[in-house]
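Based on the sequences and whatever the hints tell you, model everything.
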Amino acid sequence: MAKKFDFSKAYKELEEITSQFERGNLSLEDGLKKFEEGLELAAECKEYLKQVENKIIEIKKKFDVA
Amino acid sequence: MINLKVFSVSEYAEYLNEALAERDAVVEGEVSEYRVNQGKWVFFKIKDENAVLDCFGVVFKLKFPLEDGMRVRLYGRPSIYAKSGKFSITVEWVEPVGAGALKRAFELLKAELEKEGLFARERKRAIPRFPKRIGLVTSKEAAAYKDFVKVLRHRFGGIEIYFYHVQVQGAEAIADIARAFEYFNAHQPEFQLDVVVLIRGGGAMEDLAAFNSRETAYAVFGSLAPVVVGVGHEQDVTIADFVADVRASTPSNAAELIAPQRESVAREVAEMASALDRGVETLRQNSLRRVDLSVVVLDRYTLGRVHNLESVFKKLALHLNFFGEKITMQKSKIDNFTRLIKSFSPQAVLERGYAVVRKEGKVISSVNDLKTRDVIGLRLKDGEIGAEVL
Numbered sequence: 001m002a003k004k005f006d007f008s009k010a011y012k013e014l015e016e017i018t019s020q021f022e023r024g025n026l027s028l029e030d031g032l033k034k035f036e037e038g039l040e041l042a043a044e045c046k047e048y049l050k051q052v053e054n055k056i057i058e059i060k061k062k063f064d065v066a
Numbered sequence: 001m002i003n004l005k006v007f008s009v010s011e012y013a014e015y016l017n018e019a020l021a022e023r024d025a026v027v028e029g030e031v032s033e034y035r036v037n038q039g040k041w042v043f044f045k046i047k048d049e050n051a052v053l054d055c056f057g058v059v060f061k062l063k064f065p066l067e068d069g070m071r072v073r074l075y076g077r078p079s080i081y082a083k084s085g086k087f088s089i090t091v092e093w094v095e096p097v098g099a100g101a102l103k104r105a106f107e108l109l110k111a112e113l114e115k116e117g118l119f120a121r122e123r124k125r126a127i128p129r130f131p132k133r134i135g136l137v138t139s140k141e142a143a144a145y146k147d148f149v150k151v152l153r154h155r156f157g158g159i160e161i162y163f164y165h166v167q168v169q170g171a172e173a174i175a176d177i178a179r180a181f182e183y184f185n186a187h188q189p190e191f192q193l194d195v196v197v198l199i200r201g202g203g204a205m206e207d208l209a210a211f212n213s214r215e216t217a218y219a220v221f222g223s224l225a226p227v228v229v230g231v232g233h234e235q236d237v238t239i240a241d242f243v244a245d246v247r248a249s250t251p252s253n254a255a256e257l258i259a260p261q262r263e264s265v266a267r268e269v270a271e272m273a274s275a276l277d278r279g280v281e282t283l284r285q286n287s288l289r290r291v292d293l294s295v296v297v298l299d300r301y302t303l304g305r306v307h308n309l310e311s312v313f314k315k316l317a318l319h320l321n322f323f324g325e326k327i328t329m330q331k332s333k334i335d336n337f338t339r340l341i342k343s344f345s346p347q348a349v350l351e352r353g354y355a356v357v358r359k360e361g362k363v364i365s366s367v368n369d370l371k372t373r374d375v376i377g378l379r380l381k382d383g384e385i386g387a388e389v390l
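First to last, the sequence lines map onto chains A and B.
If you're matching positions, the first sequence starts at 1 in the numbering used here and goes up one per residue.
If you're matching positions, the second sequence starts at 1 in the numbering used here and goes up one per residue.
A couple of the hints might just be wrong.
Keeping only pairs whose Cα atoms sit at most 25 Å apart, straight-line, the calculated DSS-like set for lysine-lysine is [what the hints assert, rightly or not]:
id : chain 1 : residue 1 : chain 2 : residue 2
1  : A       : K46       : B       : K150
2  : B       : K132      : A       : K12
3  : B       : K146      : A       : K50
4  : B       : K45       : B       : K110
Bear in mind the hints are in silico, worked out from the structure with no lab data behind them.
In C-alpha cells, the structure reads:
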C-alpha cells in the first residue's frame, strides 16, 4: 500500500479540499463527501509519514555489471 | 658509422615519433603564449626557468581555461610534426596547479560559463516539495554519502534513492560524473527522478577540481531532472554550485533542502484535518441556519397568504352584504308589488262593500246590458245570492 500511495498527490488533494472548506462555497451534500475524502487522505498521509526508511537502489551493481 | 642505417627524412621523422610515443608524461610548468584558433585548436608553450616546449591541444579536451603565467600540470604525447619538423606535446589533459592557478582557472571558467548562460537564474528549476525518487551522484566511500542518507532518513521516509557511485576526485572523477548524469538522463523516462543530487565532502581546491570543470558544469546544466549540488564545507563554492538549480552548502544541507521534515508535514496534515473538522461544523451550522431561515421565510410567506385570504374573505363578506341588501330591497319591492296587486283583487273590493253582478255567468258592468225581469247573480264579500231586476 505504501508503495502505490502518492504522498505528494494526496497532500495536494487534501490542501485543495481544505481550501474549498475555507472558501465556504460547498453545499452540505458535497461538503460531507469532501469531508470524508479529506479525513481519509489525512489518515493515509499520517500513515505514510510513519515510514522511517528510504530505499537505496545502487545503479552500478544493478545495471552496469550486466 | 658506416654500419648505421640510412633513413629518408620521412622515415627518420616516423622513427623518432615511434620512440617519442613511449615518452608520454605528466609535465608541470608555466603556460605562455596561449592562444585558441577557430575556437577549436589550442596552442601554447609550457616552460620553466631553463626550457620551453610547444604544446598543442583541442578545446574540448581541456577541462579548464588556461591563461599565460598559469601554473599547470599536463599530460601529453610528444611528437614531431613531419611537415615542419616542429616538436610539440599533444595535450590530453591539463589542470591548474597551486592555489593561485586554481583560483585563476576557476575565475576564468566562471566568467566564460556565465557568459554562456549556464548560471542564468531564469533556467533554475524548482524541486517538488515531496520528491519520490532522487538520483544520487557521489562516492560510496565518502562521508558525504553517509551524511546525506542519514539526514534524509531523519527527515522523510519512503523515498527511492537511485545511487550512482562515482569518484569525486582524481583522474576519473570528471568522466565519472559526466557518465552518471548521462545515465540518469537516458533513464529519466523510466526513473522519473524528481531531483539529482551531486555531493562530496569538503577539501582543498585541488580536491574539488572535478566540480570546477567545464564538463561537470555541462553535465549539471544538461540534466533532465533539477540538480542540487552540495560540495564541501559551507565556504566551498564550486562551478557546479553556480550551475545547480539549487545550491546546498553541504551534503547534509542537500538532504535538508530536498526533503521536508516529517514532523512538520505531520503537523500540517493534522492542522488540515482539524480545519476540515471546523469546516464541516461551520457547514453544518450554516445549513442549520439556512433551514431556520427557510422556516422563517416560509412562515412569513404562509402568513402573507393567510392575510391575503382574510382580505379576500372580507371582500367577499362585503359583497355578500351588498348582495343581501340588494335582496332585501328586491324583497320589499316585491312586497309592495304584492300589496298593490292585492289591492287590485276583486275580493278586496268586495271587502269594501262592492258587489259583482253576473248574468248567465258573465260579469255585467253596464245597466244597458240588463232589462227588467233578468235574473242576475250578486257576489258579495262573503257569498253569492240570486236576484231579479225590477
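Checked hints:
no.	hint	in the structure
1	A:K46 with B:K150	22 Å, holds
2	B:K132 with A:K12	14 Å, holds
3	B:K146 with A:K50	22 Å, holds
4	B:K45 with B:K110	24 Å, holds
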